[in-house]
Amino acid sequence: MVYPEVNTQSGVPIYQQVKNSYHRLAALGLIEPHEQLPSVRQLAMELGINPNTVQKAYRELEQEGLIYAVPGRGNFLSDSQRELDVEYEEIRRSFRSAIHIAWTAGIERTKLHELLDDCIDEPHLSDKDE
Amino acid sequence: MVNNQVVERKDSERPNPSTATTTQSSDEQEVVIVADSLSKHFGATKALDKVNCKIGGASIFGLIGSNGAGKSTFLRLAAGVYKPTEGTILYRGQVIYDNPNAKKEIIFVADQPYFYFENLKKMSALYRSLYETWDQELYHELLQIFPIKEDQRLDLLSKGLHRQAALILAIASKPRLLLMDEAFDGLDPVMRQNLKRILARQVADDGMTTLIASQNLRELEDFCDHVGLLHDGGLLFVEELDKLRLGLVKAQVAFRGDITEKQLKSMGLEILRFHARGSLVEILSRNTELELRTILNQLSPLLLDVLPLTLEEVFIYELSRKAYIVSELLA
Amino acid sequence: MTDLRSLIAIFTFLFLLVMPIAMLIIGREVFTAMTTGQDLSHRAVDGSISFHLFDNPLLLNDALIVFLLFVVTLSSVAVITLGGSLFRPLYRRDTVDFEWSLPLTKNEWFLGRALALIAGLSIIYIVNSFATSAILYAWGLKDILPTFLLIYLKTYLAAIVFTGFSLVIFSLSGRLFDAIVINVALHITCPFLLLISGSMPENTLLRGIMWFFAPAIDSYRAVVAAKSFFYYAVLIVFWFVLSWFCATKRPAEWGGRKTGTLRWFHGAQPIFSFIGSVIVSNLFAVLDPSPMRTTLLKPLFIIGALLGAFLGQLVSSAVTGKTLQRVTGEDSENTKLHPILQEWLWSLGGVALLYAFTLIG
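Residue numbers (the working numbering), protein chains in the order written: chain A, 1 to 130; chain B, 1 to 331; chain C, 1 to 361.
Treat the hints as calculated values from the structure; they're not laboratory data. From the three backbone atoms N, C-alpha and C, an ideal C-beta is built for every residue, glycine too. Mixed in with the good hints, there may be bad ones.
[Said to hold, decoys possible] Per the computed footprint, the stretches of chain B lying under chain A, defined by three or more beta-carbons under 8 Å from a beta-carbon of chain A, are:
#	region
1	199-213
2	216-226
3	231-238
4	272-281
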């Protein structure tokens, strides 16, 4: 069973971290559709975090459609195409910030494309996300 | 225009401290502790003065305050040690003071635990006879986790181990309500994590409600779901931890030219703190992240980073709103 | 718990040492030599109680009486020590937190402790009475055995009276040390008042009150001037009901506080002035050679009363840790008199009342 990563020191709300982590795990294919997720109890115990926080993260993930709950059995990753709008918006914003800096530095469009490709090819990027 | 509406809505959402509710979703979950105009006076000293609050079932509630703020007094009232001077404190609708029916479901781990007998073997026998919910299996499991032997002399233990012995007895009694004064004090990081895991299991399995008092916000911010802030015997606010951060946003921005607080305010940002270091500006504002980005992007910033907001900052803001000085809380 | 068991063991041994073992040491010869075999009804100090059991005059032995007086003394020490050990949880914050958060009612808590104390004392007394009886029997002194057992039972009852009285003081005090000091102070003051008021006419009511507040001293009378069982029964019921009330109503936050700072103690404050007045005025009256017919009018007596009231005030201030003015400060807004003057008037009134009582007697 795959557990999400949580850093209690980061200052980011823990339920947010749990959600983000599941989104990433799903996107990376580390969790298969219809695969069962750890129960609230398991996850809370494993990470030493508040079960109510886990509950809240699961509830929101269910609302977002990433997971579905089967009463009495637990939570599972859904197979439906995920709503990526939220993520797209987030990425778009980061790009905009970067483009602002690039423009003020006088970096051209083609150079910017190269830079993006370089970044994608950088090793271990997926490890240091967020 | 739009912003004003948003702000208004948030203000009405923000609970009035005098009627603060901490139930997760008050419809589903039962309220475990209700304090109604609860006061405890010691002579002329008002250790607690007219505190109102509700603590929901299965909640992990952090009670934060400096020395003498009234945390221990509140816990002692909830444990039935003290009788309220005025007002009431009820556990599931029952008076707690001198009521064994309520007390058998409540365990209080005081800041200085006391042991009637000299070792855990005898103490556990006492607890087993007093608390029907006592779990002998769990007790043995806890003995494996914590570095205390059953026949070890308790009076010779260090302060930290003393507390751990008290926690073993408290947790193995499987209370419905666990009250802990400075719970994580004197625990090393490994023990701290162990304790959190055990408590997490009890909350998940039995719906145990936990009330932890601490001087240190950092100790509680990664574990509680609700926090209450006590100051000078008054409860300043009670809030769901994650909601505290909602509606507040911190960002680092840089613009080509200079920009003033006034300018940003005129564009509809509700700035709470504006701090410029050269061209870099740090903003704390009472908006959503989307609002902040939409407004600031109109100014084509060179840099716009939204930073995670620590609870400390939230508290400082909440308290400065109430004009209290709480630097000692965050030391 | 272990404390209590070892304390009971220690006192059982001490009791044995004081009575049967000491008897064995002086030996049968010396012991019987001291047997006067007199009818004790002549010895009764008050003269009101006759020493008869089933119409037979009771016989006792002088040596035995001395031993019994030692037993009574030791038993008072035992009551305070065992009681202090059992009620110590009242006085520390950590013990109060522990005990008061347990799922027990205050009634259960008090009953458990009080019964443990009585049981402990009973064990000590039963062991001792058996050992002593066995020796008396072995020495062939069967005839004084019934008397001995009857008196012994009364010393036991007197010890229970003192236990109830001590429980009241334990329940009212903020600290164990204070409880013991108050208990001892009362036992010094009351007989001292009796002694000093020797110039007063004999008054049984007044003396009764004095004995009432010094039950450990009163318990000697169980030996030399035995009271009726009814007397002990009434006192036991009275003190235990009062101590039950005080213990169950006692607020947890009193634990560890100086008794002088507790609210009820401020009410006890005029008593200090009053006792001071009585003691010093009487001491002065003895020194006054003026041939007044009533002591009340002797100038030295009145000066003594004023001085005593003031000294009593000082003691009270020392105990409460508060200044004279502040002790009565809350009331002084309503009254025009200075608090010290007010205290003096109270004390003088009290002393005069005391004399009025003696005149009735």
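Here's how the hints hold up against the structure:
1. Check result for the region 199-213 of chain B against chain A: holds, 5 residues qualifying (beta carbon to beta carbon below 8 Å, three or more required).
2. Counting residues of the region 216-226 of chain B whose CB falls under 8 Å from any CB of chain A gives 4; the rule of at least 3 is met.
3. By the rule of at least three residues with a Cβ nearer than 8 Å to a Cβ of chain A, the coverage given for the region 231-238 of chain B is violated, with 0 such residues.
4. Coverage of a stretch by a chain is defined here by at least three residues with a beta carbon nearer than 8 Å to that chain's beta carbons; for the region 272-281 of chain B and chain A the count is 0, and the condition is violated.
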